[in-house]
Amino acid sequence: MPEGEDKAQDFDGAFSRISVRALLAPFAYARAWKYGLGLALAYFLAAILCLSIARFDATLASVWPPNAIAIAVLFLARLRGELPVFVGIAVASLAANMASGTPFIMALAFTGGNVACIFLVTRLTRRRCGAVPDLSDLSHLGHFLQYGGVVGPVAGAIIAAPAMGPDIGAMWRGALDWFLVDSLGIILVVPALLLVTRLRHTSFPNLRANLLEAGLIFLTGLCAVYLVFNQAASPLLFLIPPVTLLIAFRLGALGTALFVPGIAMVAAISSFAGLGPIATGGLSQIAQVNLLQTFIAANFLTGLPIAAILAGRRRLTDELDKRQRELALLAEGINDAILMMNFDGVCTYASPSVEDVLGRPATDFLGHKIMERTHEDASERIMEVFDKLTSGKSDRERLTYRRLFDDEDGHPVFIEADCAVVTDKTNGTRTGIVVSARDVTERVELELLLTRARRSAEKAASAKSEFLANMSHEIRTPMNGVLGFAELMREGDLSEENRRHVDMIVQSGRSMMMLLNDILDLSKIEAGQVGITNEPVDLLATITECAALYRPSAEKKGLKLHFSMSEACANLKRGDHAAGKSPWIKTDGLRLRQIILNLVGNAIKFTETGEIEISVSGDEEELYVDIKDTGIGISDKRLKSIFAPFTQGESNTARRFGGTGLGLSISRQLAQLLGGTINVESQAGEGSTFRLTLPAQYTEPATPEPALVEPFEPLEASMLTQSASILLVEDHDINRLLVSEMLEQCGQSVAIAHDGNEAIAMVIDSIMRDKPYDLVLMDIQMPGCDGYAATRAIRMEGITPEELPIIALTANAFPEDLAAARDAGMQAHLSKPLVFADLARALQRWLPTRIIAADDNDEVAATKGTEFEDAQNFEETGPEEIAREKAPPRLVTEIVDISRNRSARPPKIGEIALPEPPTLTTRRSSLSEFHSPSLIKRWTKRRSEAVEAVRTALEEGNLSEKHGSPEDCDELAKLVHKLAGTAAIFGEAELGDQAAALEHALRMGLPGDVREALAFELLSVADDPADTLAQIDA
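Taking this note's numbering, the leading residue of the sequence shown gets 1, the next gets one more, and so forth.
Since the hints were derived computationally from the structure, they do not count as laboratory data. Take these hints with a grain of salt, some might be off.
Simulated pairs of lysine-lysine, BS3-like, Cα-Cα distance not exceeding 27 Å [to be verified]:
| id | residue 1 | residue 2 |
| --- | --- | --- |
| 1 | Lys369 | Lys393 |
| 2 | Lys322 | Lys425 |
| 3 | Lys586 | Lys628 |
| 4 | Lys560 | Lys628 |
| 5 | Lys937 | Lys974 |
| 6 | Lys556 | Lys628 |
| 7 | Lys425 | Lys388 |
| 8 | Lys974 | Lys941 |
| 9 | Lys425 | Lys393 |
Taking the hints into account, I'd like the entire structure generated from these sequences.
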């Protein structure tokens, strides 16, 4: 930087630091100097006048006004700097004393006393009363009299006393005279000047009339004083104070402050003229002066304090009136009703708005107890709140209640009231209760509507949940028979063509069950009934397991499925995973596994050639699981809609690849429940990349726990313990027969219990006989004592899982059902429809040893996972897509009008489609082909029992509302429930439909005519001549 610029900047900086206030300091005190010069001149003239009068006659100089004038000017001027004023006062005092012939030393002492008095009075009064004291206020007047009438004059007298005489006596007399004249001058002049100047800031509504009245009163008072002093016959000085009090009452502080100096002037002039009680009393001149000063001070102290008290009272009255007007304005203008009541419940105040809010005028409430004006529906609640407030349990309460009086249309009116206890702040006494009430009828009606809507929604959600559970149970129960007996048939001696047909039945049934599972999962998610459990999960191990499950399916299509755990660890930007450690995160392992299986299954399904690559990356905040394929891809216009339910990439995708379009929707919603999301990048014909994003909630590895199910090698058919003792607990006789035949084919010994109570007794009896069962297969839904209760009872007897494993059998396969089974003390779970391979694996796992060599002819069973394969999740595993891979191509269906003509109706699930109603011959042939004679006999017996029970109930009127009891309806519902669950298996699907309809009508308590109509319908189907199955046994 050039040197010249540097110096210029230094100069600028130095100049900028010069304060503008410092430059203008002389001008800042210009106003103070002006006041100082003016006050000095006024002080000099007043002092010369007073000193001259004192030399002429001491009676006329009984007060010293110069100091009072200086004090008043200092109060009123409000100067920022008062030094020039005090300098002017000092110069003026010194000049006046020297001009009157006072020696310099004495004049200097007198000047010091005057300045000290003025300084102390102004300084001390300001500290207590502010810049300008209000002498109409008693507190301010008291402080002013303390400092201006005593402290200041005493200080001035002490400073001036040494110059007043050669001895102590002279100094004492001089100091006393100084104090009296100075004090009297201050208390007489300063209040008058300050109160007169306040007239500029005071408005008078009727100035002329008020001024005339005040003038007459003032002059009358002065005349009274003159008459007292203008006679010598009687000492009537005692008549002046009452006149001063009258002035104080009528003219206030200002009139009193002017009247007392008027008294002083009249008294001084009269005494100087030799008139009045003071002059004629025969006293010395000094005594007369002192008596005059005392008389003036007495009148001042009599009048001005009283005037100040009255002024304060007037201010309080005005403030109270103002508050009352404001309160009245508030009470009249507010919409709420305001009521005051004492602790006896009696209303002491009611605002005008009470009539609008509570429907009756305020006079109807005043003086009456509140409880006399309440509706019977609200009296209990109001009394409860009143008791809380009066007993001190609460200081504030809010309640909503029904008003005593309805509106003009007779509709109820609801009031919301805020109640608060009123407390006296001075002593803390509880004085009453204030109530603020408002009309909230509209809000209450809306709340009632919302409550009804919420209850309706809750009922709908409950009904939906119940429907889902019933749907699962009702569909799985018959499907258990279809798939179970199909599997048993496949184990028999069949021709190649018949075996292929049976395989197609099995695969089709499994495909339908997968579709059912998807629909139920989606419904549960949308209903908010899916619980999420955060627990430590090994992320890479979970992905590795999912990849291993799908790798055979990918290889079968000629695809390569890549996933490297070491590469995944390297991609995670965390130091503890760079060395090859698998990260553990807090999430729901079951849901995570379901999402990855869905994404990988989709990638395999929609990829015909190429490869699928699974990769993992992430940081401290998020984890990313990418599934990249080289499949058909998705067009841009379909990318936004593929996560919607029942939606696939293109319109022909379902026809080409199959599937429901629910997998991605379920996966995204599950990802959101886990705190993440799923996104996709894709180009048509180039493949897709689905990214699962999860929060990176890293945690320590879980402590290893004893697994409920230990890993085992894939089943090599018939490697099972022979003749193990197994207890089957099942209330459904068809299912009992099915599972018994499956167990017998596995070489096991089966005992049967029909319900939970019988199972408990049989288990305990077997223990007592020292012939315990090796395994229990426990149905869940049973009348009386269900499977959960039975298992808990068995465990409470001290029978451990090691001594007796219990496996759940249920048509409800939701995760909460699995958790409930585990909590009850069960070790595994088999869902219906029961798969032979799953049953065999369960036996292989839970029976003591494996001794039978396997038949590896069951390809389907070898590739399907089981419900108990994952010990920690206790959930059905195995990818759904593997079964779909083996399913036959989806058929294109058409919508038809289902009429009562059977020939026009397409066959239902499990029903044998025949062009004409079945004859006895065809029925016997079809049943004999698919079912054993013992099973047919059992079915015939059940059908006959159920149909006859319906017929009897209809004939005896037990289905009507008048004669039918709930117990009879429940018993009949149980019979037709069994009929509904198995009729389709024996080719009578329509009979099963009618039985299901009648069962629901009985359980839901529908009207009697509806139940009777459904019973007639069932009998009309059951009594078809073609259905006379009893002849089959002939």
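Right, here's what the structure says about each hint:
For the hint linking Lys369 to Lys393, the alpha-carbon distance of about 21 Å falls within 27 Å, and the restraint holds. About 21 Å separates the Cα atoms of Lys322 and Lys425, which keeps this hinted pair within 27 Å; it holds. With a CA separation close to 25 Å, the supplied pair Lys586 and Lys628 stays within the 27 Å bound. Note on Lys560 and Lys628: the hinted pairing holds, with a Cα-Cα distance of about 12 Å set against a maximum of 27 Å.
Straight-line distance between C-alpha atoms of Lys937 and Lys974 comes to about 20 Å, which keeps the hinted pair within the 27 Å bound. With a C-alpha separation of about 19 Å, the suggested pair Lys556 and Lys628 falls inside the 27 Å cut-off, and the hint holds. Taken as a hint, the Lys425 and Lys388 pair is honoured in the structure, with Cα atoms around 21 Å apart against an allowance of 27 Å. A threshold of 27 Å between alpha carbons decides the hint, and for Lys974 with Lys941 the separation of about 15 Å falls inside it, so the pair holds.
A C-alpha spacing of about 19 Å is found between Lys425 and Lys393, which places the hinted pair at or below 27 Å, so the restraint holds.
Of the numbered hints listed earlier, not one is contradicted by the structure.
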